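If you want the building blocks of each chain, they are given just below.
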Amino acid sequence: MIEINGLTKNFNNLCAVDNVDLEITNEIFGLLGPNGAGKSTTVMMLTTLLKPSSGSARVCGYDVVKDAKKVRQSISYVPQDMAVDIKLTGRENVMLYAKLYGVPDRNTRVDDVLELLGLTGRAGDLVRTYSGGMRRRLELAQALVHEPKVLFLDEPTLGLDVAARKKIWEHISALRKRGMTIFMTTHYMEEADEYCDRVAIIDQGTIVALDSPENLKLGLGNDASLNDVFLENVKTGEDQTGFDAYKFRTMLRRR
Amino acid sequence: MKQIFYYFERDMRKWTRSRINVVSSLVMPAAWLILVGLTLPIRFTDNYLEFLTPSILVMTMLFSSLQGGALMIFDKVLGFLNKFLAMPSPRESILLGKILFISTRGLLQATVILLIAALLGVRIHSPFNIVLIYLTLFLFGVLFSALATTLALHISDHDGYAAVNSMISMPLFFASNALMPYDQMPEWLRMLAMVNPLSHTIDSIRELFMGGVPVEGIVGLAVAAGVMVCVGTVQFRRTGV
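Chains U and G, in that order, give the protein sequences.
So the mapping is simple: the numbering used here equals the position in the first sequence, first residue as 1, plus 40.
So the mapping is simple: the numbering used here equals the position in the second sequence, first residue as 1, plus 4.
For the record, the hints were derived by calculation from the structure and aren't laboratory data.
Each hint should be verified, as a subset may be incorrect.
Calculated cross-link-like contacts (lysine to aspartate or glutamate; reagent style EDC-like; alpha-carbon spacing at most 20 Å) [claimed, not checked]:
hint: 1; chain 1: U; residue 1: K139; chain 2: U; residue 2: E155
hint: 2; chain 1: U; residue 1: K139; chain 2: G; residue 2: E13
hint: 3; chain 1: G; residue 1: K6; chain 2: U; residue 2: E132
hint: 4; chain 1: U; residue 1: K207; chain 2: U; residue 2: E231
hint: 5; chain 1: U; residue 1: K257; chain 2: U; residue 2: E231
hint: 6; chain 1: U; residue 1: K110; chain 2: G; residue 2: E13
hint: 7; chain 1: U; residue 1: K106; chain 2: G; residue 2: E96
hint: 8; chain 1: G; residue 1: K18; chain 2: U; residue 2: E132
hint: 9; chain 1: U; residue 1: K257; chain 2: U; residue 2: E272
So, partial list: chain U residues that the calculated Cβ filter (under 7 Å) puts toward chain G [as the list claims (entries may be wrong)]:
hint: 10; residue: T87
hint: 11; residue: L89
hint: 12; residue: K109
hint: 13; residue: R112
hint: 14; residue: Y117
hint: 15; residue: D121
hint: 16; residue: A123
hint: 17; residue: K127
hint: 18; residue: L136
hint: 19; residue: K139
hint: 20; residue: L140
hint: 21; residue: P144
Computed from a prediction, not measured in an experiment: that's the story for all the values here.
Glycine is no exception: its CB is placed at the ideal position from the N, C-alpha and C atoms.
Take these sequences, add in the hints, and give me the full structure.
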């Protein structure tokens with residue numbers, strides 16, 4: 041579903057993603073790494089929001105630069121910001137996406153995705169009154185309204201409580217069973233361990249480990265957790281990411 | 005390009021659901037008209053309100069258009085823009101939807117001013133000229149909302165945008181013929197006012213109030229608005245890939 045060959049992104053002197061090769065099939069694929077490792081930059085190149093400096097990537101067989109429009113038709117992207125309109129109702133938020141994607145028979149389709157994510161009862165309420173977990177589910181409903189083949193999720197459970205996180209993961213697993221490919225980033229190793237078919241660990245723009253969580257843990261010994269695998273592979277300390285994270289985030293939004 | 009309307013619809017719903025926004029955008033121009041138009045001890049005309057009404061109409065469009073750039077800033081900072089850019093709909097429809105909303109909102113405010121002015125005794129003689137006043141204000145709104153939205157694409161936060169906005173709007177307003185005619189200005193101000201697009205628009209609206217039809221003024225404005233929309237479209241297409 042996703043083929044990445046020598047993908048590289050430089051921002052002035054900073055090499056955010058350095059010659060990454062990956063092949064993702066029909067699975068839940070987790071991209072793990074410390075802050076500033078290049079996770080978001082990778083996702084943004086795959087979702088046609090950033091142009092690679094060199095290398096190439098294909099999503100559903102379409103090149104992310106040359107066939108950007110076809111890529112956009114086949115995917116959905118949920119960034120970590122929780123961008124839903126709080127002055128609109130849940131239904132209006134999803135309807136906007138159905139209209140923008142040109143979904144046929146959109147009234148039924150919108151009802152279906154709201155039902156799928158358990159939001160039917162509150163669909164007529166302003167999103168202002170929704171909890172964090174409900175807002176995230178609403179974003180998933182928006183993302184699913186045009187039945188994408190690949191779903192990109194940037195830290196989907198960030199800042200949610202345990203129950204909300206569990207619920208989000210149940211939905212993601214259900215989507216996987218229905219044949220969707222899911223490419224996600226996360227900081228929560230236990231979640232990646234439990235739900236991802238395969239994970240890659242990225243550090244300073246380079247893939248340093250790639251396998252199923254089970255195999256990665258086995259490689260370290262019997263009682264190893266995915267946390268141990270992470271700490272073993274990641275050489276960048278938390279205090280030496282070496283760049284201005286705020287400035288970088290702003291830049292990614294601005295372009 | 006149905007998407008333009010969908011983006012327009014989104015902003016319009018959000019705006020009308022915030023009552024304080026609606027009220028505030030109507031109070032400011034009304035205050036100008038009444039507190040300035042009826043009170044300043046002016047000697048060059050005995051009907052300052054008639055002189056000032058076109059200025060307040062254009063000023064309202066200007067401030068409301070430039071302020072509209074903040075919508076783009078919020079969409080960007082809060083992450084909406086990235087979600088919209090990852091969709092297959094043409095990227096310039098985001099810009100055009102904003103322009104349509106901001107200009108429409110400006111025209112709603114202008115309607116309130118026209119009504120208040122009419123109550124205070126200002127008259128327009130031909131219905132055709134009322135239509136042309138709306139057209140002129142709309143073109144002016146398109147010009148400045150396209151400018152504001154495109155600027156906002158390149159500015160990283162709201163504080164920065166507010167600073168740019170006040171840097172443009174106030175000098176542009178006071179260095180125009182909004183408050184006094186050219187012959188009452190000091191020489192240096194007159195030079196500035198003559199090249200200010202705001203003055204030309206105010207001149208056109210004043211002529212429309214008098215019953216004339218400023219063909220050159222309207223065509224000039226249409227060309228400027230067209231060019232600005234093209235510049236904005238190119239900028240939006242260039243974002244990302």
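Results of checking the hints against the structure:
no. : hint             : in the structure
1   : U:K139 to U:E155 : holds (18 Å)
2   : U:K139 to G:E13  : holds (11 Å)
3   : G:K6 to U:E132   : holds (17 Å)
4   : U:K207 to U:E231 : holds (12 Å)
5   : U:K257 to U:E231 : holds (14 Å)
6   : U:K110 to G:E13  : violated (26 Å)
7   : U:K106 to G:E96  : holds (19 Å)
8   : G:K18 to U:E132  : holds (11 Å)
9   : U:K257 to U:E272 : holds (11 Å)
10  : T87              : holds (5 Å)
11  : L89              : holds (5 Å)
12  : K109             : holds (5 Å)
13  : R112             : holds (4 Å)
14  : Y117             : holds (4 Å)
15  : D121             : holds (3 Å)
16  : A123             : holds (4 Å)
17  : K127             : holds (5 Å)
18  : L136             : holds (6 Å)
19  : K139             : holds (5 Å)
20  : L140             : holds (5 Å)
21  : P144             : violated (14 Å)
Hints 6 and 21 from the list above are not met by this structure, while the remaining hints are.
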